[in-house]
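K.L.:
First to last, the sequence lines map onto chains A and B.
Here the first sequence stands for residues 0 to 267, where the numbers follow numbering that gives the first Met the number 0.
Here the second sequence stands for residues 0 to 375, where the numbers follow numbering that gives the first Met the number 0.
Keep in mind that the hints were calculated from the coordinates and are not lab data.
Note that CB positions come from ideal geometry on N, CA and C, so glycine has one too.
Among these hints, one or two may not hold up.
[Stated by the list, open to error] The following label-pair restraints were derived from C-beta to C-beta distances:
#: 1; chain 1: A; residue 1: K97; chain 2: B; residue 2: E244; range: 48 to 56 Å
#: 2; chain 1: B; residue 1: R331; chain 2: A; residue 2: W176; range: 32 to 40 Å
#: 3; chain 1: B; residue 1: A350; chain 2: A; residue 2: E1; range: 58 to 66 Å
Here is what each chain is made of, one letter per residue.
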Amino acid sequence: METRSQIHARTFVKVWTGFVVFALYLPILCGALAGLSKGRYFGFPIKVFSTEWWGKTIASLEIQTLVQNSLLIAFIVTLVSVFFAFFGALAFARYDWKGRRLFQKAILLPVFFPQPVLGLALLLWFNAIGINPSWQTAVIAHLVWIVPVVTLVIAIQVYSFDPTLEEAARDLGASRWFILKEITLPILWPGIWSGALFAFLLSWGNFPLSLYTAGVDSTIPKWLYSKMVAGYSPMVPALGTMSTLSAATLLLAGGLVIMILRRRQRDL
Amino acid sequence: MGIAMISPAVNDTETDGEAAARPKALPVLQLVDVRKVFGDFAAVDGINVDIREGEFVTIVGPSGSGKTTLLRMLAGMEAPTSGYITLRGTLINDVPADKRPTCLVFQSLALFPHKTVGENIEFPLKVREVPAAERKRRALEFMRMVRLPDHYYAKNVMRCSGGEKQRVALARAFAYDPDVLFFDEPLSALDYKLKKVLEKELKDLHRESGKTFVYITHSLEEAMVMSDRVGVMSRGRLVQIGTPEEIYTKPATRFVAEFFGEVNSFPVRRTADGGWTQADGGPIVVAPAGDDIGEAATVIVRPETMRFVTGPSSADNLISGRIYNEYSLGSRMLYQVHAGERIYLVEVARAAAGGLVAGDTVTIGWDARDAILVGD
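When you get a sec, could you build the whole thing from the sequences and use the hints?
P.N.:
Next comes the structure, spelled out in structure tokens:
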């Protein structure tokens with residue numbers, strides 16, 4: 000039997016959850032609806048709905064270039080950051096070495112640095128050494144911010160890794176490379192996987208760093224911003240919605256893969 | 000493997016199968032003055048021991064006595080600060096774990112959680128690039144050896160029970176086909192009943208395989224049940240090593256004697272006529288002293304060698320006192336007896352106790368041969 004206060008508490012939790020979900024998703028929903036408006040200008044309530052601007056967005060060559068840029072940057076950032084972050088996470092959480100504590104603090108610094116300032120600083124730095132900003136420099140800028148984040152994500156998994164497993168494998172005759180391939184990587188795989196998802200999504204949605212460091216090349220967030228400042232059309236919310244939906248799909252797919260892996264392991 | 004030979008006379012190069020047929024007297028592992036120092040703390044402080052082929056040697060000691068450090072040096076996970084460790088006459092001080100024909104069963108077992116039972120056991124075979132079909136055939140053989148059913152081959156190792164995990168870890172160690180197996184108290188986390196079963200199985204397995212086992216534990220009881228020889232460690236040193244019988248009947252020090260549990264101990268002095276007297280004056284008849292005993296020593300009398308006497312007795316030592324409390328140990332009874340300033344512990348069979356209870360006046364007797372002189 001539930002007591003009165005338990006019923007009250009449960010009702011409160013439900014109402015609060017509903018409110019938070021509503022407050023979080025309502026603006027996104029409004030944005031999504033704005034992309035389905037037939038009208039040229041942003042206005043509420045929407046009088047006539049149409050998929051016209053979605054069609055135009057998909058057909059636009061400019062936007063295809065944007066998507067290509069954003070995808071390319073995000074892919075490279077994901078690969079490079081996971082590589083560095085994996086070894087960084089081992090240094091962060093697995094091995095005890097001189098200077099480890101300093102490393103643990105230093106790696107947090109870029110994360111706390113305001114991104115627009117970081118972007119500007121990097122731009123100045125690129126100029127100083129005579130590099131023209133382009134999508135390649137944006138990759139570097141993204142990495143400065145994303146590698147530490149991914150390092151932390153993977154480090155969480157590394158903390159729960161039992162180092163005696165590597166010791167046992169070694170004792171059974173395995174070489175370093177064999178241990179990495181057969182023991183360390185497979186066990187840390189969920190952490191690496193979530194690190195990769197993080198890297199991709201953080202790069203995909205990053206605006207402040209791209210604004211300063213991508214030069215003449217544009218990315219989706221950069222284009223959205225410039226069109227909102229000048230030259231708005233419902234293509235802006237339409238592209239925003241598509242971007243959000245694809246990111247969400249990626250997340251769900253990632254979650255699904257992990258779930259299937261876990262289940263397969265459990266069922267053995 | 001680039002290992003220096005320091006004593007070619009003992010070295011031989013036969014193959015694995017012949018191990019069991021070899022004379023038992025040859026030392027497979029030799030430790031000479033082995034020390035391991037961390038900072039200014041000597042975790043292992045000069046160990047000398049020969050471990051013979053096919054022996055089951057157990058090192059016991061309280062936590063912090065250095066037994067785990069010793070084992071890690073034997074397994075190649077730590078290098079000794081000084082001294083020599085030789086395996087079949089080959090110096091192995093700096094040979095890493097993966098290049099030694101030895102295998103350690105960890106306290107945590109260190110089973111690979113993402114692999115099945117079969118994959119865990121096959122791991123050392125996979126390292127040696129044995130083909131998959133052959134690996135499976137041999138894994139199943141090892142599973143049968145440790146009494147795991149065949150259908151466990153594809154089972155997730157984390158879904159096995161504590162006892163099953165022990166068996167997987169054992170099978171995996173055997174799959175490596177080591178010359179010496181090391182055990183870092185792998186049974187410590189199990190419940191008493193299962194522990195007893197696995198102790199017996201481990202001893203059977205030792206007999207059947209003919210391999211050399213070196214086991215460490217903090218439980219002397221575990222050591223006594225399984226081992227050919229028991230070594231007792233304290234503060235980085237090997238205080239005594241001998242058969243379980245020797246350790247029990249002739250403890251070298253009070254520390255070794257007390258490792259079995261509570262004992263009666265009396266400080267004693269040598270008298271002018273070569274006998275012994277208790278430090279507080281009472282006479283005592285003791286077993287003949289060894290050469291290493293000086294003018295002052297401690298007499299150890301185990302509670303189970305004391306008995307209650309009524310009427311005339313042949314006991315060499317007799318003391319009267321009053322029972323303070325009694326404790327039931329199941330088939331046996333333990334009595335705490337106060338006599339003068341002293342407290343005696345007497346353990347007798349329940350039937351022999353005759354229903355003695357607290358407050359009863361009793362006479363305790365024990366024989367000279369059970370009063371063991373030890374140095375301090």
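K.L.:
Look at the Cβ atoms of K97 of chain A and E244 of chain B and judge whether their distance stays inside 48 to 56 Å.
P.N.:
holds, 51 Å
K.L.:
Taking the beta carbons of A350 of chain B and E1 of chain A, is their distance inside 58 to 66 Å?
P.N.:
holds, 59 Å
K.L.:
Between R331 of chain B and W176 of chain A, does the C-beta distance stay in 32 to 40 Å?
P.N.:
The hinted range 32 to 40 Å is violated for R331 of chain B and W176 of chain A, with Cβ atoms some 58 Å apart.
The structure fails to meet hint 2 from the earlier list, while all remaining hints are met.
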